[in-house]
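Please work from the sequences and hints to get the whole structure.
Listed in order, the protein sequences are those of chains A and B.
Per the numbering used here, the first sequence starts with residue 2, numbered consecutively.
Per the numbering used here, the second sequence starts with residue 1222, numbered consecutively.
Any given hint might turn out to be false.
Said to hold, decoys possible - With beta-carbon atoms standing in for the labels, derived distance ranges:
#1 A:Gly361 / B:Glu1461: 29 to 35 Å
#2 A:Gln374 / B:Ser1379: 45 to 51 Å
#3 A:His412 / B:Ala1549: 41 to 47 Å
#4 A:Glu462 / B:Ala1234: 38 to 44 Å
#5 B:Thr1415 / A:Gln374: 52 to 58 Å
#6 A:Gly84 / B:Leu1557: 42 to 48 Å
#7 B:Leu1557 / A:Ala308: 44 to 50 Å
#8 A:Gly132 / B:Leu1545: 51 to 57 Å
#9 A:Gly494 / B:Leu1557: 53 to 59 Å
#10 B:Asp1405 / A:His412: 40 to 46 Å
#11 B:Val1421 / A:His412: 23 to 29 Å
#12 A:Ala308 / B:Ser1379: 37 to 43 Å
#13 B:Leu1545 / A:His412: 24 to 30 Å
#14 A:Asp90 / B:Ala1234: 33 to 39 Å
It is worth saying that the hints were derived from the structure and are not from the lab.
Each residue gets a CB set at the ideal place from its N, CA and C atoms; glycine is no exception.
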Amino acid sequence: MIKDATQAGQSADSPRSGQTAVAALRQVTKRFPGIVALDRVSLEFRPGEIHVLLGENGAGKSTLVSLLAGMQQPDEGEILIGGTPAVIDSPRRSMDFGIGAVFQRVLLVPSLTVIENLMLGGSWARALARGAALGRFHELSTLLGTRIDPNAPVSGLSLGEQQQVEIMRALWRDEKLLLLDEPTSMLTPQGVADLGRMMRRLRDNGVALILITHKLLEAHEFGDRISVLRLGSVAGEIDPLRLKTMNEAERTDTVIRMMFGVAGTDAAPDRNQSQELAILLGRKLHRANTVDRNEPAALSVRSMATAPDFAETPLHEVSFELWAGEILGIAGVDGNGQKHLAEVLAGQRPVRQGRIELAGSDITRGRVPERRQRGIRYVTDDRLGEGTVGTFSVATNLVLKEIGALPYWRHGISDWDLIHRDARERILRNDIRTPSELTPVGKLSGGNVQKVLLARELDAEANVAILNKPTYGLDLHNQRLALDRIVAAAARGVAVIVISTDLDELLEISDRIGVMFQGRLAGIVENSDGAGNRVRRLMTGAAAA
Amino acid sequence: MRTQSPIGTGLTATLLRVLIPVALALAVGGLILLVLGKDPLGYYGYVLQRSLLRWGGAQETLTRMAPLLLIAAGLIVAFRAGIWNLGGDGQFLLAAVASAALAPALSGALPRGPTLAVCMIVASLVGALWSLIPALLKARYGVNEIITTLMMSFLGVSLANVLIKLVLRDPDTTVPQTRSLGVDDRLPRLFGTTVHCGLVLAVLAVILVHLMMTRTAFGLRLQILGANRAAAVHAGFRVERLTLVAFALSAGLIGLGGAVEVLGVWGTVRADWNPAFGLLVVPLVFLARFNGYAVIGFTLFFSALMVGGESAARRVGVPQHYVLVLVALLLLFLALVEFLDQSRRKTSTA
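Quick look at the structure:
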């Protein structure tokens, strides 16, 4: 205890370890049909500590979240709250136990104001106490160091601000344990920095934080204690004392060995693994640049604009050219017109102004089928929302954009035998893990849904491919696969546009990186040394460097 | 739809999934009859006897199926496309009035075949026309068609009455009704029975609709529109046009149902006549899960209940609405059996 006290005295932001855990898991096992999601997992979450749970998708992170948030029950083992066993059988019970959760997706009502959203959790039998709510709001604003107008409608807030509101809601009833599930996936670098500051303030106020991520850098940046999950088990834990004594390289090395289960230090990771590690560390992979910009451009866009739509940023004066075999990365904070850019190029959103040319011919007025015919492909980021029909089979979804066309349809009559036969072949070729071609696509995992989309869009006839957040929500392995396929398509001569909020990924695969800011293309940067910083500057709205 | 069915293996399983709910519905319905002080077995026996076992009753049941099947065909098109056309009554009745007014006028000038054909085509067009406003509102502005079709239905039913009473009234009758079409000018009867050939037309329509939905590009587009509108936009379908066509097809088939009922059975439309088949068929289409072949079975079942129930109301004293109670119970049990089946499947794969 004395040691702890001296430690706390030494530096203001050091974690107060050694206290009783706010929550703990003891030998918790959770099974789902066919898999063991968590296998005898024991973890402790202490006050005043940011506990990072690191692991790939499928490592059991989400299951762990849903156990603590009261959405699932453990099959074996127990959850302790403040030292005593507790049954968390509903989200409300979870809140009663002082657990606040912030999920990957924003769960606010966009049409209500900030303060209205925050009051939603109250008892339905009592009248809304606006004054008291505002009081609590200002308390939390001070605690978190945020500046949000309580009367602003949520739909008008940036994603980062919406997340701050989510955190306020999670702490509304003075919760002592805050669960953050992949909170940085939608944030800008600035947003991530703000979030980090907020987390540290909460930690210093004695809150126990659980930060779930698959990014190693974030674990370094924010973690007081790092636990690594692999295949449902705790592969290792680095406690605060040990973490302090290690330098960054040692930490990285230790964590990576835990994540990938490399047995000895000298076991050379295979090619696949080293690529996964590269992603993990944000290193740039070598990619041969074969683009010849003396050739005529494959795609050229001139002063294109779109009409504003509900809660979406329209495009203004967007112009660029794209050559065959080139990968143009589009960076930018989410919601700066990327969606419109993708949709307008795919032909599913009308152009208000400007001109789009494909290999020199005007396709401005062409709709999706005509553009697809000419080789334009679009992999949407909304894979289940619009990219696929979840209740329909994998086979149907593979031909979703070919409906009515030869060879699958003759005079409008479906040739289901051919559709299914080809689907089986494409499933094999693209390594789509599905019980059969008749399985509804909505039952597949996110990585496999993306494989279906990539198989459909990056086919042999593709000339120009637009990919919106192609790795979002995928685990490392599937991120790697998706990026590999994109790079392979470019190598075949496809002109590729990759829209992403993950700058590291763009720096890895792009030839050039354009930055969207408030519906404009703020600039295009050659991907050479120092590109990252120039792009970051452009993302904040600073003039082109 | 063979590509989409997440469940379903084997004919026996499919049959069981229908027969168990039917048995349960009849059993619980029987309990209700007991509470009302009626003999359930007596009632069911009477209904069966009256509607299927007796030759006259069976013919009546088959005749009743014709308009119901055409309405079902129309609803399948709409529902599969995710369009909730609940304005069937208005579309049906206006089409019925149109054919009732046209047929006697034409029958003097044209032979029977062309007269009936023209009447049916016009009736379909009238039905389709009555869906145009909801269709445009839905396609252009996304206005909820449940509200608009229901509202248009009220207007349609009233307009039909107004037309009969003010414009199309037969001056030779005391009760306001349209001029009667002679029995010989109506739809031909089948093989010396009282069942008219509208039944054949209706069965064909249901089968064609089923094949269209499952075997053609157009049907698949409609289904995708119904399952995920955003995906339809993403895949580049002309969503507005598809919506309008689905509405027109749906209301046109329902209108054809109205024509068939008038040209085959009544020969005239009386003021204030409204069989309200439009909404009655909705649960049947759901029971059949939008499957054309299953709809034929359920329509037969329902027609028999209706025909038997109507005379049971007079003879046994069980109100005719009891038939609807049975249909409602059937819906409940069908959903329940489906649910239990699904959850059992889940646990068995664990």
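Hint-by-hint comparison with the structure:
1. A:Gly361 / B:Glu1461: 29 to 35 Å: holds (32 Å)
2. A:Gln374 / B:Ser1379: 45 to 51 Å: Check passed, 50 Å falls within 45 to 51 Å.
3. A:His412 / B:Ala1549: 41 to 47 Å: Holds - the Cβ-Cβ distance for A:His412 and B:Ala1549, about 43 Å, lies within 41 to 47 Å.
4. A:Glu462 / B:Ala1234: 38 to 44 Å: holds (42 Å)
5. B:Thr1415 / A:Gln374: 52 to 58 Å: Given about 56 Å between the Cβ atoms, the range holds.
6. A:Gly84 / B:Leu1557: 42 to 48 Å: Since the Cβ atoms of A:Gly84 and B:Leu1557 sit about 44 Å apart, the hinted range of 42 to 48 Å holds.
7. B:Leu1557 / A:Ala308: 44 to 50 Å: Check passed, 48 Å falls within 44 to 50 Å.
8. A:Gly132 / B:Leu1545: 51 to 57 Å: holds (52 Å)
9. A:Gly494 / B:Leu1557: 53 to 59 Å: holds (57 Å)
10. B:Asp1405 / A:His412: 40 to 46 Å: With Cβ atoms ~41 Å apart, the hint holds.
11. B:Val1421 / A:His412: 23 to 29 Å: 26 Å Cβ-Cβ, so the 23 to 29 Å window holds.
12. A:Ala308 / B:Ser1379: 37 to 43 Å: holds (41 Å)
13. B:Leu1545 / A:His412: 24 to 30 Å: Roughly 43 Å apart at Cβ, these two residues miss the hinted range, so it is violated.
14. A:Asp90 / B:Ala1234: 33 to 39 Å: Holds, since A:Asp90 and B:Ala1234 (Cβ atoms, about 34 Å apart) stay within the stated range.
Checked against the numbered hints above, the structure breaks only hint 13 and satisfies the rest.
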